[in-house]
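Peer 1: Residue numbers (numbering that gives the first Met the number 0), protein chains in the order written: chain A, 0 to 283; chain B, 0 to 247.
Since the hints were made in silico from the structure, they are not lab data. One or more hints might be untrue.
Unchecked claim - Quick list of the computed label-pair ranges, beta carbon to beta carbon:
#, chain 1, residue 1, chain 2, residue 2, range
1, A, L268, B, G66, 56 to 62 Å
2, B, S59, A, W94, 25 to 31 Å
3, B, G66, A, R93, 36 to 42 Å
4, A, R100, B, R111, 36 to 42 Å
5, A, L8, B, E132, 53 to 59 Å
6, B, G36, A, M81, 36 to 42 Å
7, B, N18, A, G172, 29 to 35 Å
8, B, L52, A, R100, 42 to 48 Å
9, A, L274, B, P34, 43 to 49 Å
10, A, L8, B, L52, 50 to 56 Å
11, B, P176, A, R100, 44 to 50 Å
12, B, P176, A, K156, 31 to 37 Å
13, A, A157, B, L52, 15 to 21 Å
For glycine and all other residues, C-beta sits at the position ideal for the given N, C-alpha and C.
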Amino acid sequence: MNRKMKQALAFATFRLLGVLVVGVLFSILGFIIYNGAGVINWKFLSASPEEGMSAGGIFPAIVGTLWLIAGSIAIAFPIGVMSGIYIHEYLGNRWIVKVIRVMTNNLGGIPSIVFGLFGMALFVHAFGFGDSILAGSFTLGLLVLPLIIRTTEEALKAIPDTYRAGSYALGAGKLQTIFRVTLPVALPNIITGLILSIGRVSGETAPILFTVAAYFLPRLPSGIFDQVMALPYHLYVIATSGTDIEASRPMAYGTALVLVMIVFMMNLLATVSRLRLGKKTKMD
Amino acid sequence: MIETKHVDFYYSSFHALKNISMMMEERTVTALIGPSGCGKSTFLRLFNRMNDLIDDTRVSGECLIDGEDIYSKSVAVDELRKRVGMVFQKPNPFPKSIFENVAYGLRVNGTRDRSFIARRVEDSLRAAALWEEVKDKLRESAFALSGGQQQRLCIARALAVSPSVLLMDEPASALDPISTSKIEELIASLKQDYTIVIVTHNMQQAARVSDKTGFFMMGELVEFGDTKKIFSDPVNEQTRNYVNGRFG
Numbered sequence: 000m001n002r003k004m005k006q007a008l009a010f011a012t013f014r015l016l017g018v019l020v021v022g023v024l025f026s027i028l029g030f031i032i033y034n035g036a037g038v039i040n041w042k043f044l045s046a047s048p049e050e051g052m053s054a055g056g057i058f059p060a061i062v063g064t065l066w067l068i069a070g071s072i073a074i075a076f077p078i079g080v081m082s083g084i085y086i087h088e089y090l091g092n093r094w095i096v097k098v099i100r101v102m103t104n105n106l107g108g109i110p111s112i113v114f115g116l117f118g119m120a121l122f123v124h125a126f127g128f129g130d131s132i133l134a135g136s137f138t139l140g141l142l143v144l145p146l147i148i149r150t151t152e153e154a155l156k157a158i159p160d161t162y163r164a165g166s167y168a169l170g171a172g173k174l175q176t177i178f179r180v181t182l183p184v185a186l187p188n189i190i191t192g193l194i195l196s197i198g199r200v201s202g203e204t205a206p207i208l209f210t211v212a213a214y215f216l217p218r219l220p221s222g223i224f225d226q227v228m229a230l231p232y233h234l235y236v237i238a239t240s241g242t243d244i245e246a247s248r249p250m251a252y253g254t255a256l257v258l259v260m261i262v263f264m265m266n267l268l269a270t271v272s273r274l275r276l277g278k279k280t281k282m283d
Numbered sequence: 000m001i002e003t004k005h006v007d008f009y010y011s012s013f014h015a016l017k018n019i020s021m022m023m024e025e026r027t028v029t030a031l032i033g034p035s036g037c038g039k040s041t042f043l044r045l046f047n048r049m050n051d052l053i054d055d056t057r058v059s060g061e062c063l064i065d066g067e068d069i070y071s072k073s074v075a076v077d078e079l080r081k082r083v084g085m086v087f088q089k090p091n092p093f094p095k096s097i098f099e100n101v102a103y104g105l106r107v108n109g110t111r112d113r114s115f116i117a118r119r120v121e122d123s124l125r126a127a128a129l130w131e132e133v134k135d136k137l138r139e140s141a142f143a144l145s146g147g148q149q150q151r152l153c154i155a156r157a158l159a160v161s162p163s164v165l166l167m168d169e170p171a172s173a174l175d176p177i178s179t180s181k182i183e184e185l186i187a188s189l190k191q192d193y194t195i196v197i198v199t200h201n202m203q204q205a206a207r208v209s210d211k212t213g214f215f216m217m218g219e220l221v222e223f224g225d226t227k228k229i230f231s232d233p234v235n236e237q238t239r240n241y242v243n244g245r246f247g
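Could you put the whole structure together from the sequences, leaning on the hints where they help?
Peer 2: Here is the structure:
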């Protein structure tokens, strides 16, 4: 086989694999849309579940998931970004950085159910938050913290030191340099971490299982100490343990579709803001 | 006036500058020349203490600006860097608008007065011979400018905080010949108001722009004197070889 043929074969293989990946994605999406689109109407989006969750809507679960996204990001994003800044801009190359990095990577590798258990022990019981949005948000926040720290660190690493030097040479301090030069340039990449975190938070079931999620709660939460329904858990419930699983199956597909749509819209929003920010602060 | 007395500098165990004593008069241009790694850039960065940013470095001896030892404890580094501006080898404007690049030094130093900032930005851009080219697009990104314009913008940025000394680290080495000659003209006009120290690899440039020249080799100041003398009739054999292009 000559070189040209080998190359053609290699390219064909790569192309095939690429198509395969996209194909899998689209078949999942298509499957969910095919099965779920029929259920979705205004009532489904705006009403509470009825008749053993085989009818009615999923409004409380949508609201619950949005609460958990907002809560966990509000906790994890500032802490994660500040940790990333501290690690990269202040600690620099010290040995402790390697230790922290190994630790955060390990933290990111812990199974989410373990986070759930830990969250229950710490936030629900020890801190006395009870099964609540607050406890669930902290647990989910911990889960995505490593991701946010890591992307912040990487985003800062990508910024050439000449920017920092230029700022220092004008009499700027470290904090000024970080807030006026480094962070604005790094922000589009940090937002990528945010996007990934939102996707992760909205889809996780295990961490909310023991900390916030309600099996059936057909009303909106009264505050951050209240329980909520959440889409992934609701999906699990109606697919496995409703009173009439067959009857509630279409509801399950509808719920899955809504969940996917929420993640998709969050990603879209974050991507748009990332692009707009990126345009303003593009490097060369 | 800048003066160093018996300055030694170390990067951990590497002895980068050896017993340098030198004096630079006010409103003159001093060129620092020498082969790569000879210590001339390290020497330049002493004066705005940029070497402080590198871990595990040590300086001894005296480094005086207007009679004040800039390494004494009472000196605030950020105040020093306002008095001693710096232009880097590669143009490094911030990813901000042209206006904001020049205003940056004023803003970080707490200036709020908008009309004052606007005036200083214009004055600085004029002094850097860039005003005419950018006055209609001050809000555009600095990255839209050419390399030579970017470097003049960086000069304007340094001038905006009213320094008395300007350090230039091979400011034209990344530029084309036309941009280079513009920078050189600019240096000649800035000399009226600023004490300029410039590191350069370009012999002709040193000869064209400077009043005094210091030749560095392996961390030592081999010869220092009037530029004319250094280039026509140096005392030291190594200097003669270097300026005649026999090595380096």
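Peer 1: Going through the numbered hints above, which ones does this structure break? Give me the numbers in ascending order.
Peer 2: 8
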